[in-house]
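Engineer: Those sequence lines, one after another, are chains A and B.
With our numbering as the guide, the letters of the first sequence map in order to residues 7 to 450.
With our numbering as the guide, the letters of the second sequence map in order to residues 443 to 984.
Because the hints were derived from the structure by calculation, they are not lab data.
Any given hint could be a false lead.
What the hints assert, rightly or not - Dumping the calculated SDA-like pairs for lysine to any residue here, alpha-carbon to alpha-carbon at most 20 Å:
#	chain 1	residue 1	chain 2	residue 2
1	B	K814	B	I570
2	B	K660	A	Q140
3	A	K420	A	D34
4	B	K660	A	P139
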Amino acid sequence: MDRRDFLKLGAAGAAAGLLGWPRPLRADTAGYRALVCVFLYGGNDAFNMIVPASAAEYAAYAASRQNLALAPDVLLPINPLTADGARYGLHPSMGRLQALFEAGRAAVIANVGPLVQPTTRDEARARAVPLPPQLFSHIDQQEQWQTLRGTGTLVTGWAGRVADQLAPLLPAQRLPINVSITGTVPLSSGDRTSAYVVGDQGVVGYAAIDAAAPGAAARRQAMGALLADAAPTPYGRALQRLRQRAFELADITQAALAQEAPLATTFPATPLGRQLAMVARLIAARGPLAMQRQVFIVGAGGFDTHDDQLALQPGLLGALADALAAFDAATVELGVDASVTTFTMSDFGRTLTSNGDGTDHGWGAHQLVIGGAVRGRDLYGTMPRLEIDGPDDLDAGRIVPTLGVQPYAATLLKWFGLDAAAIDAVIPDVGRFARRDLGFMLPG
Amino acid sequence: MPAAPRRRFAILLPALASAWLAACGGGGGAGSGGGAPPPPAPSRAEAFRFLTQAGFGATTTDVDEVVRLGYGGWIDAQLAVPATRQLALLRALPQPNTQAERQSAWFATVLDGRDQLRQRMALALGEIFVVSEASGLNQYPQALAYYHDLLADDAFGNFRRLMEDVTLSPEMGYYLSMLGNRRSDAAHHIRPDENYARELMQLFTIGLVQLNPDGSVKTDGGGQPIPTYDQPVVEGFAQVYTGWSFGGSVAFEQPSFDWLQPMQPFEAYHDTGAKMLLDGAVVAAGGSARADLAQALDNVFHHPNVGPFIARQLIQRFVSSNPSAAYVRRVAAAFDDDGHGARGNLGAVLRAVLLDREARDPPAADSQGKVKEPLLRLTALWRAYDAAAANGRYDVAALGTLLGQAPLQSPSVFNFFRPDYAPAGEFAASGRVAPELQIATELTDALTADLFAAAVFQWNRFNAGQDPGAVVADYGRDLVSGDTPAMQVTRVAQRLLGTEPSPSLRAAAETLAAQYPDDQPALRLLEIVHLVATSPEFAVQR
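Only chain B is shown next, with the shape it has when bound in the complex (with noise of 0.2 Å):
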């Protein structure tokens, strides 16, 4: 056994160590218990797909290192690897920064970054806890690259702390209005503001309605669903979230307008009566700020939901649409206790996630699998085909118009698309759900083929004379003397695909690429890439 996976086991979380032997096999450091057999490393094919779930796109080396590791030494590998620091990559540039750079900046890290699934993580979480640049925050950019690395950051961590450092971000706090929120004054007909409580709640957290621990919701005698909450508890909340402005703030009518730092309370704006929370609790008077919004946090951290809740969202974020309740369930219940007592180990969520049998064993039902988010439509063909900017910046202009998406862009607190989506037809006849067909409309299909086919047949080294924050890929890399126009496609597929492609895409790549010559060998590549690019079947993972 090398020598690297025992340093690496003894930075690990306890909670990880033994299943990473289980996955490797045992062997150097302290071993405890086991004694099953290795599992066959993953094939190639297995190890691509693997990758599009935990990724932005594999590469060559990523499949190298998920077939050297097994699916848990990598995952337990990315645990270890350090956030790409955001905020850092902007102020690195001339100031002020720009929201083109800031997304320039996330391109750079999830295209080049190794802390690929703490990253997809963070978009993940970013399309729960939503933030958005289609707000105030427009105009900084830097306060969005501090929210996006306060989620990178917390992207294995603890759930308790993720709720605490979204609520006392100064991002969310202006995004949901907790930001200056202020205690009653009836006199004036003053009550605070509903809109972080009612939010953090509903989309954060534990949804309106009651769950049971495999995610399928509750329902009485009568078989109605049971709220979770109702307008008192709303306004419990509410009362909760008061006193809080920027930090460094010297009154809080004298905001400092600080972005990159927690908000803090003004006592003498915080409301000290008793506050209802949920299920009968209560905040007793006279709690402080940050007493009283401990209490209200621990008091969502556990309730029984938000394990179902978010074990569900997340599965449909990297995995399946349609999870089954077994797998919710499974996930749920490793929120719930990671194996070592603790509850909202998101480390162990995502291990839940992506290890489970369900997202490794090869899809049984048709329902298996999901949309790819356009996002990493894109962020998969520029990894596949190695995409750079020669001045190191990634722009795309209008990306959130071209994709129907964009990295902390989303048109509402709802991010792009709801989780329990479902297009009239086959899915809402089934009651199946497919979230990122929300975003899939004839308007955005042909919006994101034509950004694919200027990423293709415009931006590739073929073509000197590139914009230099151009995104150019190296399609060339495919490129090799004597292939026929069935071994490109054969390679094609295999970069884009990770397998053989279905006959229909076969005969119709086939059939478009006998069309040029021989002596147009890259042109005829590019054509294919286009086709399997743009197609229907690249947008799907199973």
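Bound conformation, chain A alone (with noise of 0.2 Å):
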């Protein structure tokens, strides 16, 4: 195998990524559009972000909860576009959260979860139709998320679906489509394509074959060398490939990013500020780069509240909105905000019950979208009944989702530019979902 053989396997090169596909998918790929997913790790409990407030439906949400509910007077009211019957508020700590919402620039999608397709509560629990295999596993339920396979063998995921096949349709991009600032996801693996993974302080560099360095000059010669013969071995071969585009991208995104004025928006001093500061940081430098389609993945952990729940979740959830806000201030301060588009994920949602201190994995969750394209101050989707043995509960206050992942991650895509037959490709049970468009982002 040659060089440009092995080179090929993990590039994004224009000519091997029309390989395989019996015709080219249509998507459009004008002007700029950024998708960015935030990814909830350990299972949030939405179910204590966004919380009934209304009579009848606080009533069932504290006899469920009992002492992990959270009081009706703390929460913030927010006030969405189309009624449902029922108020609802958010955890307190969701200040500039809430602020979003009302201005219209967030919405929420109501308890979402992996299905394979659209299920009652009976069927689940009968096991009547296909369900997602080992639906309280995190790490299977991560998957899930990011591959959408269902019940089938997908190993690659959506987002890498996506860039395997916008890829050949885009070759002046300088990036991937994909940056992953929080390390190897499943979301970002393509067949042909993989994410670009940089750390949230800038991208790092090669300290030994920095200009500056003396010697750098025969070092970076020698170390390139190195990559020229294929390895004997797949290890050795990857281990080429990466060191290759790490130091054509490390290179091209520096210069890039050295040519753009420092934002003046300030972010939270917490992880989840931290990537999303370096995501605004990329799309100020979409121009150098030649960027019109990009995805992002930044992750936030800790939400696997098995412990201290009320304790922990004014932090967690208060740093997500925190870093939520400051990062819609800087996508309104770049002029892009009509173009970028946030968006959570998360393994699962939380029990109703608790386990003394905390909650146990659950199935669905509620999720946010955040961006000036989000036709926000809504809710969408059907509440569920937060009732323990409920019409809604699978058992143990599991509450089976009432949207899929599929139609959810579809509408993003749609806005993200790729046409009906492009999304059936990459979310292949999409079809099974009654709509594939949920209404969430304007038009246009």
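Two chains, two separate frames, one set of hints: put the complex together.
Structural biologist: Structure (structure tokens):
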């Protein structure tokens, strides 16, 4: 295998990208659009993030949640444009999210979770329909959200598949479509493409070959020479490809970032804040990088609140709201807020029941979508009944999702520019759901 | 035959005796059968390769020992070396301790300690039975040292004992929520926490789907994998793991916060109902916390998955990412029965992993071998060049960020990398895995290279004025007057690779070296060391 062949396996090469596709897929790649995925690791307890505040619904919530229920007078009211008969409030630490919602820049997508097809409680209890396997296993559900494999065997992520399709249509882009600030994730793993992984402090170069270092040129030449002949093992070849790409992209990205003035918007000094600040810098540099379509992935940990949930949630949810608000402000500052859409995902929601001071792994949970192109200040989907052994409870307070991840992702990808055929190729089960467009993005 | 082997033989477990004899050609002590000719001594290159698999990096002394004792003899000697106690190292320092000191103690242990195989197994076990500083345990360095010592102590013992020691450690109890887990209270919609119940099975012992003895996934009539357990079983185990708190607590609600002894049960908080276990087994109602726990751990321990599940992961940690089905089956068989009827003998399992022909024979397929964990690349460089810190500390800041991994600092219970991780492209297409590539990103490649550049160009004995805690290596041991660049390359390759470098690496290193004049042999040497230590070739073991 010569160098060109094995490099092709990892590169978003235009010619390589068309191999295997029977016809070119259509996508609208004009202008600039970016998706920003915020993955909440561990399973976010969304039932304490968005809480029913009207009497009957709150009573059901409080009866289920017992000592983990939030008091009604601490909730931050939100006023969705479409009434569903109930009122809702946010966790008290999410003031900045409340502001985004009321300003029409954030939407709540209710009770989303991995499904193979629309599923009722009785069907789930009886296993009468196919269900994603291992529903309460962290790693499996993180993969379900990110691969949308259902009962199939896809190992690629849906953003990776998007990049596989779009990369050949955007040969001038200097970075991969997917950029992760949170390490290797299945979401961005494609058959032919993979994410460029950067840190939250800027792009790290190789100090020993930095032009200013004495002896750097000779070292760079030597290190580069080790990448020329394909290594004898797939392990060696993977490391060679990685370093080749790291060398090239570090130079390109550092040069582009250096051209941008620092943002005025300040970000919270939290892991999520730092990651989103880095995303904002990369978006600011999209011109020199010739980027038109990008997917960024950031992540926040600590949501697996088996213990001390009431003590931990203010920090977790407050940090989330503050980082999302800062990022939104940055996109406004950059004039791209209608071109950047941020959305959350998480392993699962959590049980209505408690284990004393925390919750266990659940299923359906509310998600957030934020941006200038979002049809905000509204709830989408169907809020579940928060009753143990109620019409939406699989068992022990694990709520059956009323929306699959497929239509959620499909709505985002339609905005991103994929046509129906492209979305079918990226999300194989999307046709099983009633709607492919949940309507939470503004037209155009 | 020298007297030393006879003495060593006397303290070995019986299961190991005949294998030791086979490795060293019989002779002294109670020989039983055999008559096979002694195997040839390993070459120095073969010994180096073995030590890369079995320890933290080969030194000349280690290679001498493996050549002298043979592989089996070296393992037997290692099985007899007592554990270096990390907690004791920490307590010898002024109190209170820091996590940085714990990490330093780890480096001191693996760079200088004689118990190489035991500590390497502790590292592997810590990547399966994950407990991490990235949690509330951040405040308790001694707790993590205690947990590390627990794994090291159990490294060659019985897996059932390891399961119990881990389960009752307050560290794991805290990390996966068994500590303070309480019985059901239906009136308040309180159900026992399922965290430990789930992860003990999913990650530590049997996995999610039924396995054949060779590690392949069993399928049903429809070609689908068969789950090992379902939700009622998780709930059954969750009920078992109730009522436990810190050892030495006066009451369940008044925990002692003693991280350095096993947890103890409080029966009033233990679920007394019947509890469903694996494969239809049931714990009868009314049992004590300790009795229920014993029954539950036995139930998991005896599941047929444990052998192949653990065998494959240990092979992946020591030898090869993609073992053949036959290799997994042989190692799983050693787990199931160590040759003397005992199930779960980890010493026997390690011998099976390291002495199997697929580990010892020269690699045949290009998929044999693995990417070395970045931590082990660093220790290999430092052991090869006798690195030490002037004050006995081994200070490396932000190690986890720079390498993508650091001892007991996993970002989650899923370790730094998954056993079944496969990058896109060549690996995923061929159905092969490469766990360590999960942390090999553009970011970590640059950060790791920068750490190695510092280790070579800054932290060396040619430079005066080092911080007393800096890990300073003696690259000068390869500085021999009269060496041509080509000879220097040979020396460094022997030191770090144990063998001749590839033509490509030799050519690049000689070209680089030739740019430095003969009156700068030290600088020339450092350039060669840096190039080799940061090369993809050094990062792969075969």
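Engineer: Take the C-alpha atoms of K660(B) and Q140(A), compute the straight-line distance between them, and say whether it is at most 20 Å.
Structural biologist: Holds - the C-alpha atoms of Q140(A) and K660(B) are around 16 Å apart, at most 20 Å.
Engineer: Does the alpha-carbon distance linking K420(A) and D34(A) stay inside the 20 Å limit?
Structural biologist: Given pair K420(A), D34(A) holds - Cα atoms ~9 Å apart, limit 20 Å.
Engineer: Straight-line Cα separation of K660(B) and P139(A) no greater than 20 Å?
Structural biologist: Answer holds: K660(B) to P139(A) is near 16 Å, not above 20 Å.
Engineer: Please verify whether K814(B) and I570(B) have alpha carbons no more than 20 Å apart.
Structural biologist: Judged against 20 Å, a Cα distance of about 17 Å means the pair holds.
Against the hints set out earlier in the document, no violation occurs for any number.
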